[in-house]
Amino acid sequence: MVSLSTPISDQKIRSLKVGDEVLITGTLFTGRDAVHKYLHEGGKLPAGVNLKDGILYHCGPVVIKDEQGQWKCTAAGPTTSIREEPYQWQVIRDFGLRGVIGKGGMGDKTLQACKEHGCVYLHAIGGAAQVLAQCIKRVRNVHMMEQFGAPEAIWEFEVENFPAVITMDSHGGSLHKEVFAASQAELAKHV
Amino acid sequence: MNVSQDSLLELVRRTSTEIPDDVHKAILGSLEQEKKGTIAESAMKIIDQNIALAKNKSQPICQDTGSIIFYVDCPIGYDQIAFEEAAREAVKLATKKGFLRQNSVDSITGKNDGTNLGPGSPTVHFHQHRSPEISVRLVLKGGGCENVGAQYSLPNEKLNANRDLDGCRKAILDAVLQAQGKGCGPGILGVCIGGDRATGYEHSKQQFLRKLDDHNTNPELDKLEEDIVGTANKLGIGPMGFGGKTTLLGTKIGVLNRLPASYFVSVSYMCWAYRRQGVTLDNDGKIERWLY
Numbered sequence: 100m101v102s103l104s105t106p107i108s109d110q111k112i113r114s115l116k117v118g119d120e121v122l123i124t125g126t127l128f129t130g131r132d133a134v135h136k137y138l139h140e141g142g143k144l145p146a147g148v149n150l151k152d153g154i155l156y157h158c159g160p161v162v163i164k165d166e167q168g169q170w171k172c173t174a175a176g177p178t179t180s181i182r183e184e185p186y187q188w189q190v191i192r193d194f195g196l197r198g199v200i201g202k203g204g205m206g207d208k209t210l211q212a213c214k215e216h217g218c219v220y221l222h223a224i225g226g227a228a229q230v231l232a233q234c235i236k237r238v239r240n241v242h243m244m245e246q247f248g249a250p251e252a253i254w255e256f257e258v259e260n261f262p263a264v265i266t267m268d269s270h271g272g273s274l275h276k277e278v279f280a281a282s283q284a285e286l287a288k289h290v
Numbered sequence: 004m005n006v007s008q009d010s011l012l013e014l015v016r017r018t019s020t021e022i023p024d025d026v027h028k029a030i031l032g033s034l035e036q037e038k039k040g041t042i043a044e045s046a047m048k049i050i051d052q053n054i055a056l057a058k059n060k061s062q063p064i065c066q067d068t069g070s071i072i073f074y075v076d077c078p079i080g081y082d083q084i085a086f087e088e089a090a091r092e093a094v095k096l097a098t099k100k101g102f103l104r105q106n107s108v109d110s111i112t113g114k115n116d117g118t119n120l121g122p123g124s125p126t127v128h129f130h131q132h133r134s135p136e137i138s139v140r141l142v143l144k145g146g147g148c149e150n151v152g153a154q155y156s157l158p159n160e161k162l163n164a165n166r167d168l169d170g171c172r173k174a175i176l177d178a179v180l181q182a183q184g185k186g187c188g189p190g191i192l193g194v195c196i197g198g199d200r201a202t203g204y205e206h207s208k209q210q211f212l213r214k215l216d217d218h219n220t221n222p223e224l225d226k227l228e229e230d231i232v233g234t235a236n237k238l239g240i241g242p243m244g245f246g247g248k249t250t251l252l253g254t255k256i257g258v259l260n261r262l263p264a265s266y267f268v269s270v271s272y273m274c275w276a277y278r279r280q281g282v283t284l285d286n287d288g289k290i291e292r293w294l295y
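So the protein lines, in turn, are chains R and C.
If you count the first sequence from 1, position 156 lands on 255 in this note's numbering, and the numbers rise without skipping.
If you count the second sequence from 1, position 129 lands on 132 in this note's numbering, and the numbers rise without skipping.
There could be a bad hint or two in this list.
Said to hold, decoys possible - Okay, derived cross-link-like pairs now, EDC-like style, lysine to aspartate or glutamate, Cα gap no bigger than 16 Å in a straight line: (1) K151(R) - D207(R); (2) K100(C) - E166(R); (3) K171(R) - E255(R); (4) K214(C) - D25(C); (5) K58(C) - E87(C); (6) K100(C) - E13(C); (7) K100(C) - D165(R); (8) K276(R) - D207(R); (9) K28(C) - D217(C); (10) K39(C) - D132(R); (11) K48(C) - D207(R); (12) K288(R) - D216(C); (13) K114(C) - D132(R); (14) K236(R) - E215(R); (15) K208(R) - D193(R); (16) K237(C) - E285(R); (17) K99(C) - E166(R); (18) K289(C) - D9(C); (19) K236(R) - E259(R); (20) K95(C) - D25(C); (21) K111(R) - E215(R); (22) K208(R) - E184(R); (23) K95(C) - D82(C); (24) K95(C) - E205(C); (25) K114(C) - D207(R); (26) K248(C) - E215(R); (27) K226(C) - D216(C); (28) K288(R) - D169(C); (29) K99(C) - D165(R).
Because the hints were derived from the structure by calculation, they are not lab data.
These figures come from a predicted structure and were not determined experimentally.
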């Protein structure tokens, strides 16, 4: 198990390999479909959102306001990342991301961007909304709630020991490519 | 709030926060099967912890609380309009309480009014029967697994799939291969052979009302269901697509007649966070018993 704290250095990212299990502590910003399209079309990050050396989490959480008017995150698993494949490489390049958390893996463009700019893809456990919400110690802020609605907004989470697995590293390794190729070859024997 | 609204809110709460026993059993089986010390085993452990945590905290198993699909079996003369009104109110309240995410978006404007109400949300299917019983089943189906559903039109040259059960088998296994870990495996397939493009998908989803440990009444399809699970679990896709032994926890196959010109195989994928519950209601709208 590797500990990973934000902000993350290039050197640290380069030390991570496919199959490594990590526990993340620090700041996560969420961003999913609407945010990626917005940034791809030249949209500016709102003040207070800094992705440099940070981690973007593909997540649309359930967040409710408690009696004191504080945000409380009650469910926060990853969403399917492949939908951001057309945009992710650019977001990595332009905003200096070191990590992208999601599920299901991403494609060649993202893999190439990870290699070029020093970034990794971290696979969280899809559907494990409670285990992952427990790792969120505080909801610091929310941005673009009006435009995008709660699931698509940019949430700023303070997390502790958030579990994930490196499934795409900064050396061109992708567990998703490996498993796809092996399962395709195996299937050919059975049909 | 009237009685059936109260009952439906409780149905939504339990569906969103508690995994049905038959599914939990299958998940525990998968946890046991995965090789110790692998990331597949880690994934199954987190999934198991998550199930317990969601139940104890009465919070959603998965943050994507999905499409809200009610299936109602009711006697002649049952007030369907009143049911739909109660269902809408229950959904609105469940959203406010955080049992459901604000999950319904206007497809043109992109606006999410936060109520989960709108065209197609919730969806209610009524089925009238001659028994006095009123039963309400609810499926909450997340978007990740919905996106990896697939519909094949046979013959399919690329898959060498002809218009027979072997062709259906090839199409279904291709859907498993293409889905990989994107639908939050280990998954469960609902399949419909036949029908048209709309009824095929609809019937494939209705298969999710069946219990995982039941048997298909058609022996040929029963065999095919077992074969699909057995073969899929040899592919090494595993939990989350991490590689591993359990790719599928189950497959359920239904059949509709087709037109001579059409031969559809519709595959719906359900994630491990298989949220399905049901109740029977008495005449006052109170919950009599739970169905799963």
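Query raised in the report: Which numbered hints turn out to be false for this structure?
Result: Of the numbered hints given earlier, those the structure breaks are 1, 5, 10, 11, 12, 14, 20, 23, 24, 25, 26, listed in rising order.
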